[in-house]
Amino acid sequence: MFPGAFPAGAQDRLLPASIPYRFFGTAVVLHLAAWAVLLAAAGEVPGFAGGLGPVLAALHLVTLGVLAMTALGAAFQLLPVATSRALGPDWACRLSWWLLAPGVVALAIGMGTGWMTALEGGAVLAAAGLVVGGSLMARTLAGVPGLAAITRPTWLALAALLVLAGLGLLLVWDFAAGLLPDHVRVAAVHGLVAGYGFMGSLALGFSTVLVPMFVLGQPVPDAIGRRCAALVAAGLVLAAAGALAGLGWLVVLGGTAGLAAAAMHAIALAKVFKGRMRKRLEPFFRLLLPGWAVLPVSILAGMALALGVPVARLAPLWGFLMVFGWLLTVVTGILQRIMPFLASMHTAAAGGKPALLSGLTARRPLDLHAGLHGLAIVLVAAGILAGSPLLVRLGAAAGLAGAAAFAAFAIELARRYRAHRLSSLSSSSSPLATTKDVRP
Amino acid sequence: MDLHGKESPVWLVAGQDVAPFDVRPLIAAGTDPFSELMAKAESVASGEVLVVDAPFNPSPLRRALAARGFSSWGRQLAEGHWRIHFRRDGANGWQDGAEFQATPEDAAVWREADGLHIDVRRLDAPRPMLAILRLIDGLGPAERVVTVHHERMPHFLLPELAERNWRLAHCVESTFDLRLRLEREG
Chain A
1 MFPGAFPAGA QDRLLPASIP YRFFGTAVVL HLAAWAVLLA AAGEVPGFAG GLGPVLAALH
61 LVTLGVLAMT ALGAAFQLLP VATSRALGPD WACRLSWWLL APGVVALAIG MGTGWMTALE
121 GGAVLAAAGL VVGGSLMART LAGVPGLAAI TRPTWLALAA LLVLAGLGLL LVWDFAAGLL
181 PDHVRVAAVH GLVAGYGFMG SLALGFSTVL VPMFVLGQPV PDAIGRRCAA LVAAGLVLAA
241 AGALAGLGWL VVLGGTAGLA AAAMHAIALA KVFKGRMRKR LEPFFRLLLP GWAVLPVSIL
301 AGMALALGVP VARLAPLWGF LMVFGWLLTV VTGILQRIMP FLASMHTAAA GGKPALLSGL
361 TARRPLDLHA GLHGLAIVLV AAGILAGSPL LVRLGAAAGL AGAAAFAAFA IELARRYRAH
421 RLSSLSSSSS PLATTKDVRP
Chain B
441 MDLHGKESPV WLVAGQDVAP FDVRPLIAAG TDPFSELMAK AESVASGEVL VVDAPFNPSP
501 LRRALAARGF SSWGRQLAEG HWRIHFRRDG ANGWQDGAEF QATPEDAAVW READGLHIDV
561 RRLDAPRPML AILRLIDGLG PAERVVTVHH ERMPHFLLPE LAERNWRLAH CVESTFDLRL
621 RLEREG
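From first to last, the protein sequence lines are chains A and B.
Residue 1 is where the first sequence starts when you use this note's numbering, and the numbers rise one by one after that.
Residue 441 is where the second sequence starts when you use this note's numbering, and the numbers rise one by one after that.
I should point out that these hints are in silico values taken from the structure, not numbers from a laboratory.
Cβ coordinates follow ideal geometry from the N, Cα and C atoms, glycine included.
Among these hints, one or two may not hold up.
[Claimed, not checked] Computed spacing ranges between beta-carbons, pair by pair:
1) Asp536/B - Ala270/A: 27 to 37 angstroms
2) Gly166/A - Asp536/B: 49 to 59 angstroms
3) Glu412/A - Pro544/B: 52 to 62 angstroms
4) Asp529/B - Gly146/A: 34 to 44 angstroms
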């Protein structure tokens, strides 16, 4: 009766709450740590040109500790539902966290202090955690027919993950062995593959499902997803080749492809917005929309850097805009929406009435976070451009306060979730328990 | 949502002498009759009719055969027994003449004795959730029950239902059909 294989029954694809929330909780804590380290190292930010130190540690606390951590937690729960494919064993999800979380902490300590054992051990653990998580995602995606709007960017992200992990390990070993002829160029390729390739492609793919789901609009057509992914892939190859060879025009060509992909994605999402059923935009869009607006600015900054435009401190500005301005803004926006959403799903699965999203979400800390995060991005970017450690320090302090507000939101969410679970323990059995139809 | 007043198409008489292909025993045995049905459909000439007996309204099959040029009309003969007539006629605008209404997400909505039914099987995420919420949001206060034909537990739907004062009251799982009974609260 069904074209194609029928999915594996109506079996539950809801992971145990402890799996996604261990990733999200870690992301919340490392978000605080990243801004704190950046605040401590504010004086080094304006002239940062790579190399070991607290600035590199802060950068990786965000990329691996917040962005990748959130991406894995969200992907483990969302991909199986979106694709109707089983994810894999729960223990593998947990293993991914057990490798990644201590790996990120050790890596950050190693980067911040120059302790090579921590640096190398942390790099290996983090890379292994990402590869385990990526393998689970690949297993879910394999054999999914259609859904190109989400599968193509995700496949691209997984390919980028392998490249960034390999280059990351190479760069770490190079700190001790000095085997690379040009460490800075390889680091640039590692950065753009990690930012635009891995995280960017994941954000691209997930937003084609999450945004329509949250605004109740029609999904992005698969053809758009295919074209976007192709443009991002072409842009990455060109830009990476250009960065490695020191050919600025090639980087600009790659950046142009990236800008075209961003424009195509923005137009597709604008169409989703236009036909949406939920007319009032929820508060998390105040982070999502400006976050996506920073993407083309970061690409333009990277292109200017490649062309050798004599703007002081363009390298740290490019990195900051890509990681903090674009990705961190978008990911904290997504995180504040999916954390209560998944919590509500789990209260429903546990039986009784599901907790209302509005009842689980503490608005005030999120209002504070949005304001402080925006202020932090503006101040730090201005500080980098002006070469002012004071502005960077003020910005990092605002970012740290924003991260604390975000942590308060997460703690309050956990408290309200537990309170709802306790109050509904005595309620009737879960309606999610299916009964078999015995009709002949 | 007005689901009344649709008259059966005149071409239905062409299927009166056609022996129905009863897929209920196959489905009861856990076998997917899709490939067998496709083979039978291939042998149907232009203007001819294929008749299928099924345990439920097979909306995904109807969409799949519409893509191959078959209009369809279904009716419930008894509990657990649907008869669907398929006619190879190009299927242009076939949903306008069908006995159900199609949502913008391509879900089928029809009425049975126990209330409204919506079939969201084989729709890509997030279309099932959109179709269900669109239906619920458009209902008057007198409509208190909706039966959803799904293929998996729609976890993402539950928080949205709660926000709308609806709840998932019961699930019944049979082969190829997870039926979810949604009820308005209060």
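Do the hints match the structure? See the list:
{"no.": "1", "hint": "Asp536/B - Ala270/A: 27 to 37 angstroms", "in the structure": "holds (30 angstroms)"}
{"no.": "2", "hint": "Gly166/A - Asp536/B: 49 to 59 angstroms", "in the structure": "holds (56 angstroms)"}
{"no.": "3", "hint": "Glu412/A - Pro544/B: 52 to 62 angstroms", "in the structure": "violated (38 angstroms)"}
{"no.": "4", "hint": "Asp529/B - Gly146/A: 34 to 44 angstroms", "in the structure": "violated (27 angstroms)"}
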